[in-house]
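Peer 1: Read off the chains here:
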Amino acid sequence: MTTLSPNVFKSELKPIWCPGCGDYGVVQALYRALSAIGRPPHEVAFISGIGCSSRIPGYSTAYGFNTVHGRALPVAQGVKMANPDLLVLVAGGDGDGFSIGGGHVPHAIRRNMDLTYLVMDNQVYGLTKGQLSPTSPRGLETVTSVYGSFEQPINPLLTVLSAGAGFVAQGTPADMPGLATLVEEAIRYPGFAFINVQSPCVTYGEDDQQLRAHKTRMKSLDSVGHDPSNFMQALEKSTQYGTELYTGVFYRNPNPPKSYDVLVRERQETLKPAAVPRERMLDMFLQK
Amino acid sequence: MVTDIVIGMAGSGGDGIVSAGDSLVSAAAREGFHAVMTKSFGPQIRGGESSCRVRLSTERLHNPGGALDVAVALNWDDFLKFGAELKVDGHTIVVYDSKTGIAPDKLPLVGVMPAEVFSVPLTDLTKSSAGTEKAKTSVVLGLLSGWIGLSREVLLAGLKRKFGKKGEELLAANERAFEAGFTYAAEHPMKKPLLMQQPLTKGMGKLLTDGNDITAAAALFSGCQFFGGYPITPSTEVMQLLGREIWKYGGAMVQAEDEIAGIGMTVGASFAGKKAMTATSGPGMDLKTEVLGLASIAELPLVLLNVMRGGPSTGLPTKPEQSDLFQACFSAHGDVLRPVLAPTCVADSFDVTVEAFNLAEHYQTPVIILSDQEIAQRKETVDPIDASKYTVLERRKPTESELQKYARFAPTETGISPISNPGMQGGAYLASGIEHNELGAPSASGAVHSRMNEKRFRKFATLHQRRDLVRVEGDPEAPLALIAWGSIAGVCREALGKAKAEGLPVKLLVPTLVYPFVEDVWREFLMSVKAGLVVEQSYQGQLYRMMRMFLDVPPGISSFARSGANPFQPVEVLARLKELSFSLQGRVSETQRRDA
Amino acid sequence: MATKGIDFAKLNLRDALDLAVLIEEEARDRYEELAEQLEVHHTPAAAVFFRKMVRVEEIHRSELEKRREQLFGKSPVMVSRAAIFDIEAPEYDVVRASMTPFEALEAAMKSEVKAHDFFAAVVPRVSDPEVKKLFEELRLEEVEHQQWLKVEMQKTPAVKDVPGDQSDGPNEQ
Ligand SMILES: Cc1ncc(C[n+]2csc(CCOP(=O)(O)OP(=O)(O)O)c2C)c(N)n1
Ligand code: SF4
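Protein chains in written order, with my numbering: chain A, 578 to 865; chain B, 243 to 838; chain C, 435 to 607.
FYI, nobody ran anything at the bench for these hints, they're computed from the structure. Check before you lean on any hint, since a few could be wrong.
Stretch by stretch, here's where chain C covers chain A in the computed footprint (C-beta under 8 Å, at least three residues) [unchecked claim]:
(1) 582 to 593
(2) 600 to 612
(3) 787 to 793
(4) 807 to 814
Negatives, chain B to chain A, calculated, CB over 12 Å [to be verified]:
(5) G406
(6) Q497
(7) S800
Cβ atoms here follow ideal geometry from the backbone N, Cα and C, with glycine treated the same way.
Turn these sequences into a full structure, and let the hints guide you.
Peer 2: In structure tokens:
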């Protein structure tokens, strides 16, 4: 595959994100990753839910689908099953993915379609103006948790690892080229791949969750000698979500099983000879 | 000789009553009869009371019939639990197991004097012939074969298919039980024999299927290549059949984690360019509402089958009702129009499903099929299809030149814009639930919103003209009217026949396209109407109320509605019609007197 | 501010020039992105300044590119944008809706300081004398830019935007 210029993937729509929002870096990383993969934009389907982050498909020249809040994963799976040849990307916020859409996550993982799912985790609800999110740290004061929240945050990394995801990574636009590499790797992984992107909300996010803080806090998993083929190590590292800002691949299944879409293909091929002509479709009901 | 017969049987689940009904209806279909079979169960998962009704006829059937011609009770407690579903009246011949210990003149049927009663030593006959009590229904099949003249050979062949695989001994025992019943019938003839006339198409096997299975087959016929759904009674058979067959046609079926995911995947597959479908029932419909709106605004084709059951909430999961009409038409925030179609019988489910896919693809819209538990799960003989009679439409793809400067929601004259799909070069666009302009770019502008709303409504202009999607039967000038939709239309069609035979001036309107109203046809129909009934199986009479919302309804038209599980009988509709006719004559003569 | 996979001890002049071109290119592109963000968010004065920076960085870039072509022709470029990040480009989080021109200048100043510090840091690691000379030259250029920005800042009212002062809060959907 030849590489395409990242600009090929940039659409004419101008992002409406707040100036300085982390999502700007994410979309740049995406252009880069797609350019490295080299599939033309019309062979890419980019599906999202609702939220600031879910606006992202509109900013690429790929086929985009900005669906409803929390339902990006089901729609994306439908797309992939209908046309396994497509490169399917899914994106959304932490609320979209782990609150309203949380029920779909383990099932998407269970099915293991060849999809790449980016959660832009800003620990807060951006689009609806700063309410508590499922990844907000305990005690966070927001407009809906005025005296501090009682809830313990969801750990996205641990959640997807324990559900059986074959590729789990974390990145931040504070290291945009690194994020681009992760996205590229995720796309190349032949199955369900998850990236938790710590993408700061400049408008409602906490100070210690901003790009500046990321730059000092982030620690690459490589640098601490992490072995991404080691599931137990991955679990252990991922428990530090919220305290350590690790970047890189937590887990990559060294022996990826066949993905769902491949199995769908195979089944179609096997059963195709049993098809009857359309006009004889009702023969199966014949009582002879 | 009779041409039409309704048999009702009840027992406990362990008796295999429904399985006996299956044998009966399958044999009838093989013989070339028209047949309809419905079943009904108690709430127990297994082993509770169960019942079935089998109606056989030499003529085409529209419904499962009214009061029973033959009632078979293996056990009176079980039989009585089905109430009006197994209605016994003065013309019914009652057959029951004498082991119940109830005297023929002391039957627990309040105020009913059946035409003839047979207290048959069913249990004893079974034990002495088969050597076990477990073959009771084979004795029943033998009895029925003898009494109504349904081919002994065909029924025996059916037993062979059913028990052959389970061992020689079991088969032989059931065959002996069958013969015992057959002989008993020969030795105890009915006072007024009920022998069936042989069908004209004798020996020509018929197709036997139910509404769910034929809907699935119709989806495949239409080129459906994706189904995403979640199991729910009484719609699950659709996904079960597709899960077996769809792969052969390059498609996929997936059991989603819930109904939201089911329709989400379906929308996704449609976005990817495939004809796609999902199916559910009441509670699942509730969950699908949001994504349904997404399909409307993103203008993506999809077919959603709702097999109605009693509601709200879990309601009556195994009984039919027509109470989801409001939901099908109106459950959406925002201004939405989506076609709602309703089949009237099993065979009609095929045509309606093909039409649903056509409308969905042509208008780029979700289309709802409102079937109900009765149609969905009743077995019925249907004729083979003539494929050449059907057109199968595809969505309007963009041309090469349109792809040069592609606008997904281009404001065409018809309002229908060319639709691309991922993989198509030059066709990339953003589909979205957020309002968007002609190019698909999100917009918060009021002007764009009203412009796009107008487009999304304008595209249905030709749908409102689809006169063929409303069926009108009977004398067009008749002052008496019946209006019905879905399975109740079959009851009314039969009532219409009976009314005509009695010389009543009646006509019938049955909308296949229930919503939006094809107003011209309705208006013309209502013009001559002085009195009429809108017959519906719901508490509110939802179609009647919708008529009052969209049409000028003559004051003589009233709602004849009641909730599900208590089926309408053609004779009661006829009785109501007679009352109406009577009062109409009264009114007419009143005016004549005044005029004079 | 980071580079990846570049061994400065082994860096030759051609690659060093290409690296310099990419650093200017990154800065140019970033100013463009940020200007766009500000334009969409009704912060025109700061945007106008960032547009100016786009032109400035483009001039620097094309000058360096010309030099590279004179010396090495069109031979393939061996360094890639993936090797650098945020060298002279202002960081993504320097922009805010309704930021003032003065704040925009401050952001640019920070970037120039950053670039200066980058070259200052790598010069000692370089072994090729010509590369050393080039980087030293570039470092001094950054000092010049800083001076220019300082003058601009003196001409500009030192007003800062205080969030929530008068502007409406963010819109919701
Ligand atoms: C069914 C439904 N409920 C609520 C909303 C309102 N809503 C829109 S986005 C959102 C949450 C946004 O947070 P997140 O998903 O984390 O994305 P972000 O905006 O932070 O990128 C909510 C609650 C909606 N659009 N739909
Ligand atoms: S509200 Fe937060 S998440 Fe949304 S665009 Fe603004 S900065 Fe980004």
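Peer 1: Could you run down the list of hints and mark each one as holding or not?
Peer 2: Each hint, compared with the structure:
| no. | hint | result |
| --- | --- | --- |
| 1 | 582 to 593 | holds (count 3) |
| 2 | 600 to 612 | holds (count 4) |
| 3 | 787 to 793 | holds (count 3) |
| 4 | 807 to 814 | violated (count 0) |
| 5 | G406 | holds (16 Å) |
| 6 | Q497 | violated (10 Å) |
| 7 | S800 | holds (40 Å) |
Checked against the numbered hints given earlier, this structure breaks hints 4, 6; the rest are met.
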